[in-house]
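Visitor: Here the protein sequences come in this chain order: A and B.
Counting in my numbering, the first sequence runs from 8 upward without gaps.
Counting in my numbering, the second sequence runs from 8 upward without gaps.
Treat each hint with caution, since some may be false.
Note that identical chains are pooled: a pair holds if it fits in a single copy or bridges any two copies.
In silico DSBU-like pairs for lysine-lysine, Cα to Cα no more than 35 Å straight-line [what the hints assert, rightly or not]:
(1) Lys23 x Lys56
(2) Lys123 x Lys57
(3) Lys123 x Lys71
(4) Lys123 x Lys75
(5) Lys43 x Lys71
Hint data in this document are derived by calculation from the structure and do not stem from the laboratory.
Model, not experiment: these values are computed from the prediction.
There are 2 protein chains.
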Amino acid sequence: MGAKEKRNLTLVPDYKLWFERDGEYIFGPGAYAILKSVHEEGTITEGAKKLGMSYRYAWGVIKKIERKLSITLVETFKGGTEGGGGARVTESGLKLMELYYSINNAFNDVLESSDKLTL
Amino acid sequence: MGAKEKRNLTLVPDYKLWFERDGEYIFGPGAYAILKSVHEEGTITEGAKKLGMSYRYAWGVIKKIERKLSITLVETFKGGTEGGGGARVTESGLKLMELYYSINNAFNDVLESSDKLTL
Chain A
8 MGAKEKRNLT LVPDYKLWFE RDGEYIFGPG AYAILKSVHE EGTITEGAKK
58 LGMSYRYAWG VIKKIERKLS ITLVETFKGG TEGGGGARVT ESGLKLMELY
108 YSINNAFNDV LESSDKLTL
Chain B
8 MGAKEKRNLT LVPDYKLWFE RDGEYIFGPG AYAILKSVHE EGTITEGAKK
58 LGMSYRYAWG VIKKIERKLS ITLVETFKGG TEGGGGARVT ESGLKLMELY
108 YSINNAFNDV LESSDKLTL
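Generate coordinates for the entire structure from the input sequences, incorporating the hints supplied.
Guide: As C-alpha cells, this is what we get:
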C-alpha cells in the first residue's frame with residue numbers, strides 16, 4: 008500500500024446538528040426543514056408538498072416535538088379571504104428555527120473556511 | 008397549551024461530524040477515537056481496551072477505512088525492547104486525525120459561544 012499513499016486523496020466534511028433535552032433527541036434538520044417550509048408556504052399541505060412529504064408525515068413530526076416540549080410550534084386556522092385557512096409558525100417555533108439556523112450557519116462557515124481535507 | 012409556553016425551556020445542542028468521499032461515509036467520531044487511542048497507547052490491544060472495545064472491533068474499523076481509501080492508517084510491528092511489538096499511526100492517519108480534530112474543535116467553539124437555547 009506504500010506507493011498508493013502518495014496520491015492525493017480529498018475528503019468532504021459533513022455534519023448533522025440537533026437539539027436535545029435531558030438526553031432525548033428533540034429537533035434536527037428534518038424538523039427544521041418542515042417548520043421552514045410551513046412558514047414559507049403558509050399551510051402544512053403546501054409546506055409538506057414542497058419537501059416531497061405527505062401532510063400526515065410533516066404534521067406528525069411537528070406534533071411529536073410539541074408533545075415532548077409541551078409547546079405549540081404551529082397553529083392552524085380556518086377561513087381568511089381565500090377561505091382555505093392555513094398554518095402559522097408560533098413565536099416559539101420561529102425562535103427554535105432561528106436558534107437552529109444560527110448554529111447551522113456558523114458550522115457551515117467553519118467548513119467553508121477550513122483547509123481542504125487532503126491526505 | 009398556551010399557559011405552558013411561558014415556562015423556560017432550555018435545549019442542548021449536539022452534532023456529529025464525518026468525512027465522506029464520493030458520497031460514501033468514510034470517517035467519523037468512532038474511528039477518530041480509535042486512532043487517537045491507538046496513537047496514545049501504542050498498541051491496538053491497549054487502544055481498544057481503553058475505549059471498552061475488543062481488538063477485533065477496533066481493528067475492523069481501521070481496516071475498513073484503509074480499504075475504502077487504499078491507504079494505511081496504522082502500521083503494526085513486532086519486537087522492540089519490551090518484545091511485544093506495537094502499533095503506530097501513519098502520517099496519513101495522523102493527518103486524518105488532525106483534520107477531524109480541527110473542525111470538531113471549531114464546532115465546539117461555535118456551541119460554546121452561542122446563545123443559550125432557550126425558548
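Visitor: Each of the hints needs a verdict: does it hold here or not?
Guide: Now for the hints, and whether the structure bears them out:
no.	hint	verdict
1	Lys23 x Lys56	both (23 Å within a copy, 28 Å between copies)
2	Lys123 x Lys57	both (34 Å within a copy, 31 Å between copies)
3	Lys123 x Lys71	between (39 Å within a copy, 23 Å between copies)
4	Lys123 x Lys75	between (40 Å within a copy, 19 Å between copies)
5	Lys43 x Lys71	within (17 Å within a copy, 38 Å between copies)
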